[in-house]
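**Q** Given chain A, work out where chains B, C and D should sit, using these hints.
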Amino acid sequence: MLLSLPSASTFSGDIDGLVVLVTLLTGGWFIATQVMFFWLLWRFRAGASPKSQYITGKEPHLKRWINIPHTLILICDVVIIVAAVRVWVKVKQTLPPPDDTVRVVGQQWTWTFQHSGADGTLDTADDVWTSDTLHVAQGKTYHFLLESKDVLHSFFVPVFRLKQDAIPGRTITGWFQATKTGTYDILCAEICGIGHGIMGGRIIIDTPEQHASWVQQHSTMADAAAASTDTTAAASAGASN
Amino acid sequence: MSDHATAAPAHGAVHHGHAEPNWFLKYFWSTDHKIIAFQYMFTGMAMALVAGFMAYVFRMQIAFPGQAVPLFGFVSPNVYNALITNHGSIMVFWVAMPVLLAGFGNYLIPLMCGCDDMVFPRINRLSYQLFLLSAIVLLVSLFVPGGGFGGAWTAYPPLSAVPKYNLTPMGSTMWVLAVALEFVAFLLGGINFIVTAMNARAPGMRAFDVPLAVWMIVVASLLFMASVGPLIAGAVMLLFDQNLGTAFYNPARGGDPVLWQHLFWFFGHPEVYVVLLPAMGIVAEIMTVFARKKMFAYKTVIYTVIATGALSFFVWAHHQFVAGIDPRMSNVFTVTTVIISIPVAEMCFLYVATLYGGSIRFTTPMLWALAFMAEFLIGGVTGIYLGASGADIFFHDTYFVVAHFHYTFYPIAIIGTIAGVTFWFPKMFGRMMNETWGKIHFWGTIIPFNFIFIPMFILGMYGEHRRIYDYTNFPDLANPQLQALRITSTVALVVMLLFQFPFLFNFIYSMFKGPKAEKNPWKSNTLEWTADSPPPHGNFPEMPTVYRGPYEYATPGRDTDYWPQNEKA
Amino acid sequence: MTAHPQAPGHGNETHGHGASHGGGHGGSHEAHYVRIWAILVVLLLVSYFGPMVATKLGWHWLLLTTAFGVAVIKAYMVAKNFMHINVEQPIIKFMMVTGVALMVLLYGAIAPDIQKGDGQNWQKDAGFHHSFTTSKPHHAGAHEPAPAGEHAAPAGEHAPAEPMPAASESTGASGH
Amino acid sequence: MSTKTIATQRAAMNMPTGRLAIWWVLMSEIVIFGGILVSYVLHRLAHPEWAEQAAYTNVHLGATNTLVLLSSSLSAVLAHAAAERGDGKRAAFLLRLTILGGLIFLIIKSFEWTHEIHEGFTLQSGGFWSYYYTAAGVHAFHVIAGMCIMAWVASTAAKNQELHRVENVGIYWHFVDLVWIFLFPLLYIAK
Numbered sequence: 092m093l094l095s096l097p098s099a100s101t102f103s104g105d106i107d108g109l110v111v112l113v114t115l116l117t118g119g120w121f122i123a124t125q126v127m128f129f130w131l132l133w134r135f136r137a138g139a140s141p142k143s144q145y146i147t148g149k150e151p152h153l154k155r156w157i158n159i160p161h162t163l164i165l166i167c168d169v170v171i172i173v174a175a176v177r178v179w180v181k182v183k184q185t186l187p188p189p190d191d192t193v194r195v196v197g198q199q200w201t202w203t204f205q206h207s208g209a210d211g212t213l214d215t216a217d218d219v220w221t222s223d224t225l226h227v228a229q230g231k232t233y234h235f236l237l238e239s240k241d242v243l244h245s246f247f248v249p250v251f252r253l254k255q256d257a258i259p260g261r262t263i264t265g266w267f268q269a270t271k272t273g274t275y276d277i278l279c280a281e282i283c284g285i286g287h288g289i290m291g292g293r294i295i296i297d298t299p300e301q302h303a304s305w306v307q308q309h310s311t312m313a314d315a316a317a318a319s320t321d322t323t324a325a326a327s328a329g330a331s332n
Numbered sequence: 077m078s079d080h081a082t083a084a085p086a087h088g089a090v091h092h093g094h095a096e097p098n099w100f101l102k103y104f105w106s107t108d109h110k111i112i113a114f115q116y117m118f119t120g121m122a123m124a125l126v127a128g129f130m131a132y133v134f135r136m137q138i139a140f141p142g143q144a145v146p147l148f149g150f151v152s153p154n155v156y157n158a159l160i161t162n163h164g165s166i167m168v169f170w171v172a173m174p175v176l177l178a179g180f181g182n183y184l185i186p187l188m189c190g191c192d193d194m195v196f197p198r199i200n201r202l203s204y205q206l207f208l209l210s211a212i213v214l215l216v217s218l219f220v221p222g223g224g225f226g227g228a229w230t231a232y233p234p235l236s237a238v239p240k241y242n243l244t245p246m247g248s249t250m251w252v253l254a255v256a257l258e259f260v261a262f263l264l265g266g267i268n269f270i271v272t273a274m275n276a277r278a279p280g281m282r283a284f285d286v287p288l289a290v291w292m293i294v295v296a297s298l299l300f301m302a303s304v305g306p307l308i309a310g311a312v313m314l315l316f317d318q319n320l321g322t323a324f325y326n327p328a329r330g331g332d333p334v335l336w337q338h339l340f341w342f343f344g345h346p347e348v349y350v351v352l353l354p355a356m357g358i359v360a361e362i363m364t365v366f367a368r369k370k371m372f373a374y375k376t377v378i379y380t381v382i383a384t385g386a387l388s389f390f391v392w393a394h395h396q397f398v399a400g401i402d403p404r405m406s407n408v409f410t411v412t413t414v415i416i417s418i419p420v421a422e423m424c425f426l427y428v429a430t431l432y433g434g435s436i437r438f439t440t441p442m443l444w445a446l447a448f449m450a451e452f453l454i455g456g457v458t459g460i461y462l463g464a465s466g467a468d469i470f471f472h473d474t475y476f477v478v479a480h481f482h483y484t485f486y487p488i489a490i491i492g493t494i495a496g497v498t499f500w501f502p503k504m505f506g507r508m509m510n511e512t513w514g515k516i517h518f519w520g521t522i523i524p525f526n527f528i529f530i531p532m533f534i535l536g537m538y539g540e541h542r543r544i545y546d547y548t549n550f551p552d553l554a555n556p557q558l559q560a561l562r563i564t565s566t567v568a569l570v571v572m573l574l575f576q577f578p579f580l581f582n583f584i585y586s587m588f589k590g591p592k593a594e595k596n597p598w599k600s601n602t603l604e605w606t607a608d609s610p611p612p613h614g615n616f617p618e619m620p621t622v623y624r625g626p627y628e629y630a631t632p633g634r635d636t637d638y639w640p641q642n643e644k645a
Numbered sequence: 018m019t020a021h022p023q024a025p026g027h028g029n030e031t032h033g034h035g036a037s038h039g040g041g042h043g044g045s046h047e048a049h050y051v052r053i054w055a056i057l058v059v060l061l062l063v064s065y066f067g068p069m070v071a072t073k074l075g076w077h078w079l080l081l082t083t084a085f086g087v088a089v090i091k092a093y094m095v096a097k098n099f100m101h102i103n104v105e106q107p108i109i110k111f112m113m114v115t116g117v118a119l120m121v122l123l124y125g126a127i128a129p130d131i132q133k134g135d136g137q138n139w140q141k142d143a144g145f146h147h148s149f150t151t152s153k154p155h156h157a158g159a160h161e162p163a164p165a166g167e168h169a170a171p172a173g174e175h176a177p178a179e180p181m182p183a184a185s186e187s188t189g190a191s192g193h
Numbered sequence: 026m027s028t029k030t031i032a033t034q035r036a037a038m039n040m041p042t043g044r045l046a047i048w049w050v051l052m053s054e055i056v057i058f059g060g061i062l063v064s065y066v067l068h069r070l071a072h073p074e075w076a077e078q079a080a081y082t083n084v085h086l087g088a089t090n091t092l093v094l095l096s097s098s099l100s101a102v103l104a105h106a107a108a109e110r111g112d113g114k115r116a117a118f119l120l121r122l123t124i125l126g127g128l129i130f131l132i133i134k135s136f137e138w139t140h141e142i143h144e145g146f147t148l149q150s151g152g153f154w155s156y157y158y159t160a161a162g163v164h165a166f167h168v169i170a171g172m173c174i175m176a177w178v179a180s181t182a183a184k185n186q187e188l189h190r191v192e193n194v195g196i197y198w199h200f201v202d203l204v205w206i207f208l209f210p211l212l213y214i215a216k
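Chains as they are written, first to last, in this note's numbering: chain A, 92 to 332; chain B, 77 to 645; chain C, 18 to 193; chain D, 26 to 216.
The set of hints was computed from the structure by calculation and includes no laboratory data. A couple of the hints might just be wrong.
DSS-like cross-link-like pairs, simulated, lysine-lysine; straight-line CA separation at most 27 Å [what the hints assert, rightly or not]: (1) B:375 - A:142; (2) B:644 - B:599; (3) A:149 - B:375; (4) B:644 - A:149; (5) A:142 - B:515; (6) A:142 - A:154; (7) B:102 - D:216; (8) A:142 - B:644; (9) B:599 - B:589; (10) C:97 - C:110; (11) C:110 - B:375; (12) B:595 - B:644; (13) B:595 - B:102; (14) D:134 - D:29; (15) B:599 - A:142; (16) B:592 - B:515; (17) B:599 - A:149; (18) B:599 - B:515; (19) B:595 - B:515; (20) C:73 - D:216; (21) A:181 - C:133; (22) A:154 - B:375; (23) B:595 - A:142; (24) D:216 - C:133; (25) D:114 - D:29; (26) B:515 - B:589; (27) B:599 - B:375; (28) B:102 - B:589; (29) A:142 - A:271.
These numbers come from a predicted model, not from an experiment.
Bound conformation, chain A alone (with noise of 0.2 Å):
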């Protein structure tokens, strides 16, 4: 909706429908206020009104034009608080049962994305490692884990009006569901260093069946790139302790 930047994710219209409530609430007191505004410039010019008046503020029917807009804007902002908060647990706070689950990990300077494979379980054998190019099947509800190996990151896809910051020494989890196929960015919000400008990525939203071939033909890579470290990480494992 927001001009004509696509809305591809379960909750994008909720924010959405949020900044259109937003709009036209704060739009309606906005132009209200500035239309009384330069009126008041233009009828009480030195020209059309050579004396001025003495008022204090306390006359009642005077004070009547500001007490009434008050009230009227505490009403606007209680609905907006509402509206604010349901979206916010919405995306926030809420969990939906997950379909599947990705590892996104920000480092200095690009985002790297651990698939969970053929067997749906992150850390396992059949894991797909990408680095920039994320892959989610339309429809199906992905939980994402987020980490920051280094500075402060954050996973930013506009078409999801998805953002979350990434921590280094915290794995923050949320949602998203996309509801159209396609290829959009990945930005990074928060500024990172030098190479801030060039961390951007790709999320590919294919069809359930794209995606499954996708999984299929790397999950069979990935085994097999598997059982060649397997020696390697039992040592680097056990020396971790």
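**A** Using the frame of chain A, we list chains B, C and D on its own:
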């Protein structure tokens, strides 16, 4: 300055014994609050030119990526980061605060409270010297090996704390030092403002006889003093992390980067009110004078100022909705953020209501004050999008935020400041500024200003994220229509910067050659207009006594439509 | 509070507020201060020996109350008797309480993020656990950057309360 | 030194300007020390394992330092009482006694710190020690600043001039003592 120098020192009640000081003593070692105000103002204006030039350079890089920028050269990514970081830091700490808080505060508080100087003149001088030192340290930090600090004016660790990540070890340390020095300077200055306004008021001047400009500068100083403490502690910890290998913000060794964000924004949000309130105070003085009207509900305005100040301590985490704080906390801060918009909206309504029943004269200062109201309303309204946590998920760290805070900061730091300068110029320099040049400068600044930032709202709605030196790296953002918007902003900025020269010319020319100004050219009530233009050292030959409030305009039964505060009933 | 014209003060400022602060004759006053000092020293001894007794008896609450309770009492006594805050203008007391209240507010709003190890949809893993595990083996090793400096990549290790449904035993993932 | 401005001598709030300013200084100091202590308490409760590191702090020296600061607070308030009576000489002597107390405090602290650093607990060796040295360091800085100002005030008080400053610097000193009263349990007792 030559004319000013010949003003004979006042033979007021208290005669300062020292002989006529030589040029250096008079201007660089003076304890006169007016000289210190000029020092702050001219340093602030000089830093505004520096930060304005930085804006020109990085806007040219965004509009024409990769091409060498005239008067600067090729802008590499780390130079770009340093430019945006220091543009933000200079504008907030070295332009808005010195000119609005310290410049007008130092000049107006003693004059408007009817006393001869600040309560602690020497500490006042020391606060400027510390401020000058901080400005020098910051400017030098741009030229040290590795270049200026490039981690945004919010300096989030670990980027700001670990040299390996920010690649500007000396630049970031000097940046934090400069900011810490600036805080100490404004703590000293703040104490002077608050205690002078509290204790050194003229006899008969009760709390509610004090002009709004003084009230707001005092509340602003209070907000600053109460909110800067934790950030000074945070800055000490950041300096230790950067140089002494501690791990306050290093998650792997027990620290937490989110701690800095909280300490920073606990200061950050009261800080925006610290710069907003003096500008609102200046606009209040100007609108009442040129509408010849009493302030609409003066006490309510003061209560909204105090309410805004108090609430400003409860809203800071709306800068961190998506920054990884606990989502439940974000709901709390959504509610407090929308609540704080109510007293500010109330204050704007009362200002607009002051125009009702007035006789409005569109002199240059009034044009600037009215432009402040019109533009600031846009800034205030677009803040609701960001306060509503749901929408902030999308808008955070996009150009929508950049446009929002420029629609609040620009009216504060530039429009409000120029309004104050043009309004008090006759009092400061004893000369009148040229009205036609003033109006050329006004329209030449206001119209391009909107063409800079309205395109940014649109870019923000396309999800264009901040602090990127070349948007052609992102396929969805590289399309020609968006690039056209970026070019429009840049061209509008260049036009606006060019229109600042008429103002500089008008300012310097009028200082020496402008028509002589009388004591009260605008027929205003407040005490500073009862002193000479420019007021001598010691301000008033005999200290005024106050009999009424500052806004008794158009009182029925009087022949003139104004009634100075010190005129006996 | 109308402002009374202030006579140009000679060197010594005239104290505007309460007579009691004006200072009675020297003798009784000095003894009063010494007495307060003595009480403070006793309280110090309590806060010194209390924790020792507490740790011996294992009453942890006693340790906290003696340490911090005594500190609050001492603070109140110093403020009241030495700084004479009780006879000060109400705005001064209000300022000090505001300063302390702001710090309590700061603590309260930050605790959910800094003090707790986890929260809604997030948990600290890297720096929070003692033994910090390197991340598990990555298969397409090409893009795996060498773990930077002293701390390794955040652990692939999941806290037990991992919201992931299939938290099956991961092969090769190292434990704590 | 130019005579005072009229503004300095006014008291629209019915209290001397100097003391009003000192209370404002204390408010900004509360939030500065508050920033450090809040961060410390947050991390202390987030990392129970710091208690082991805290076990090495020397509570005996901490307690002695508290006693030293309390006694210096006593001499500061006695100096103020003397200044009340207009006895500048005695006030100056008592102020110098307070400065001596501050000096003893710093000496004990330097012994304590050299011992701990010698044992390997430096600023970098873990979160607790970072906060320990930062908090105690900033406090020590304020003790030194207080001592310098007090020396200057004592020199003018000895000539029976500006006796109101004795009270103002006394209030500042009591605040520095107050901060230490809270630092003592936080750094030394909470093990």
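**Q** So which of those numbered hints doesn't the model satisfy?
**A** 7, 14, 29
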